[in-house]
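Asks: As a plain string of letters, each chain reads:
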Amino acid sequence: MDKIIEIQDLIKQFGEFTAVNEISFSVNRGEFFGLLGPNGAGKTTTIRMLYGFSPPTRGELRIFDMDIDTHFRRIKARIGVCQQENTLDPDLSVEQNLHVFAGYFSIPKKEAAERSREYLEFFALHHKKDAKVMELSGGMARRLILARSLINRPDLLILDEPTTGLDPQSRHQVWEKLEALKKTGLTVVITTHNMEEASQLCDRLVIMDHGKILVDGSPEDLIARYAGKNIIEIEGPDQALIEYVKEHAIEHDDLGRRLILYEPEGKGLNNTIRERFCNEKCIYRNSTLEDVFLRLTGRELRE
Amino acid sequence: MIDPAAFSWRFLRVWKRNLLVYKKIWKVNFLTPLLEPLFYILAFGLGFSGLIENVKYGGADLSYTEFIAPALIATAVMWNAFFETTYASFVRMYYQKTFDGMLATPLSLEEIITAEIAWSATKSAGAATIMSIVLGLMGFVQFPMGLLLIPLAFFGGLAFGAIGMYFTGITPTIDLFNLPIFLFITPMFLFSGTFFPVSNLPVWAQPFALAFPLYHLAELARRFSIGTNEISPIISIGYLTVFFLFFTHLALGAMRKRLIQ
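One line per chain: the protein sequences are L and W, in this order.
At position 132 of the first sequence (counting the first as 1) the number is 132 in this note's numbering, and the numbers step up by one without a gap.
At position 218 of the second sequence (counting the first as 1) the number is 1218 in this note's numbering, and the numbers step up by one without a gap.
Some hints here could point you the wrong way.
Said to hold, decoys possible - Quick list of in silico lysine-lysine cross-link-like pairs, BS3-like style, CA-CA up to 27 Å:
| id | chain 1 | residue 1 | chain 2 | residue 2 |
| --- | --- | --- | --- | --- |
| 1 | W | K1097 | L | K132 |
| 2 | W | K1027 | W | K1016 |
| 3 | L | K129 | L | K110 |
| 4 | L | K177 | L | K129 |
| 5 | W | K1016 | L | K128 |
| 6 | L | K129 | W | K1016 |
| 7 | W | K1097 | L | K177 |
| 8 | W | K1023 | L | K128 |
Source of the hints: derived by calculation from the structure; they are not laboratory data.
All of these numbers come straight from a predicted model, not from anything done at the bench.
The task is simple: from the sequences and hints, build the whole structure.
Replies: Next up, the structure:
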C-alpha cells in the first residue's frame, strides 16, 4: 500500500508541556483520515507538524516518503492546507486571494486564472469573485479557504476543523463538496469535534486525548468495539435496575441521574427494560461515534 | 542559525502581493510624498527665512531651505520604511494572519520577512522619487545626479525596514511601537543633521548623532542632490550596509522565535 504519511513516535513539547506524546500512525493514498479528540488533545499541534508549520521535538515524520525537515519546499508544494483560523487575505478580493496564493506556488498566471474559475464554480462562489473577503459570510469564507487549499492541485489535503462555527446548511454544503473530492481519490486528513462529520466522511480515524492516540479504526469498527449496537438511556434508574445491570454484566456508564446501557446485537435487552425498569423516560437508539468518543475521553468539561 | 536553503527568488511573490494591495489606493499613497516637501519648504522657507542665516555645511554656504531639502527625502525614507515594517507588517502578521496563510505554501518564513523589508524599501523609493521631482522643480535637487536618490532611497529603506521588522518581531502589542518611535525615531528625526548641522551640537553629543543611520542617509542624500557632504560617502554606505545586515539578521531570528512554535 502506498503511504502518504508515516509518523513514528512523534513528540512535540512546548517548554515543559508535552502537547503530542509519542504518537504513531500512517495514512494511505486515497484515504480520508480523521484526527478526533477534545480541545487540547493535540490534534492541531499534530496537523501543524504535518504541514511544516511547527517542527517536531522528536520522532519521525515522513510525507510522500520525504523528511519535512530537509524537503519542506517539495512537500509543501504538494499539500493543501485549510487552517482553523481564517487566514484569507482581507486586503484582496475573493478572486485575487486565489490568484495571489497560486503565485506563492509559482503557478503560471494563465493556469492560476483557469483553476480559480474552476474552484469558484465548484464552491459556488463565482458570483462573489470581486467581493471583498470581509463581506463573505462564515460559510462562504470557509469555502473560499477550501478553494484556496486546492489551487496547487494537492496530493494531500489537510483540513483543521473545516466546519466549526458554520450553520447546518453551510456545513452540509461543505460535506457535500468534501464527499465529491473524496471520490476523486484525494488523500485527506481532517480534524474535527463533529462526530457526524467524522462518521460520514472518514474511512479511518484515531481518537486522541492528552497528546496520545487512544484508538484507531474505521468509524463502524470503533462503534461496534466500544459502544455496542444499541444504546438505552434511562432517566432516574432505580436500585433494582442497577442490580440487574450488575448481575448480568451489561456494559454501562452510571451518571447518577442517568444510566447508559451499551447493548450488543440481539440480546433483547430493550424489551426487558421497557417492561420492568422504565419508570420515567427511556431512550432507545443506535450507537454512534459520539458514544465512543465520550466513553473514551470522558464526560468532564475541557478548558 | 539562518539556513541558506530558506532563501529563494520566491520572496518576490510576497513583494508582488504588497504591490497589488498598494496599487488599489495608489492615489492616496502618492499624495503624501507630493505634498510633504511642499509644506516643509513653504514653512521653513517662508516662515524661517528671516530668522535663520545661511548654513555652513561641508565647506559650502547654503540657504536654509537648500540645506534641509535633501534631508526631507532622507526622513521620508525613514518614516515610510519604518512604518511599513512596524504597523503595517504587524497588522498582516498578527491581525490578518497573512503570514500564517503564506507559511502553508512553499514560501519560507525567511522569504516572507525578506519580502516585507524589500517592500518597505520599495515604498521609500517610490516616495523619494516623487519628492525628488517636486524638489527638483523647485531647484533643490540637481539632475541627472539626483536620479541616484532613487536607489539610495531603496538602500536606506532596507536599513530602516530591517530595524522596524526587528521591533515587530519583539513587540508584544501594536501600541508599544510608540516606544521605539518616541525613543529612537523622533530623536533621530531631529538630531541627525536634518534640520541643523551636527557641528552645531555640543561636542559630546556629536558622536551620538553620527551613530544614527539617518545621519548617514541625510549625508548621502545631500551628496546626490547638491554634491556636498561632511564625511566620506564610503563611510556612510558602509555604515548603512552593516546596519541593514545586522538588523535583518536580528529580525529573522526574532520572527522565527515568534511565529515558528
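Asks: For every hint, state whether the structure bears it out.
Replies: Evaluation of the provided hints:
1. K1097(W) x K132(L): 16 Å, holds
2. K1027(W) x K1016(W): 18 Å, holds
3. K129(L) x K110(L): 17 Å, holds
4. K177(L) x K129(L): With Cα atoms ~19 Å apart, K177(L) and K129(L) stay inside 27 Å; holds.
5. K1016(W) x K128(L): 23 Å, holds
6. K129(L) x K1016(W): 20 Å, holds
7. K1097(W) x K177(L): 25 Å, holds
8. K1023(W) x K128(L): The hint holds at about 21 Å.
Comparing the model with each earlier hint shows no violations; every hint is respected.
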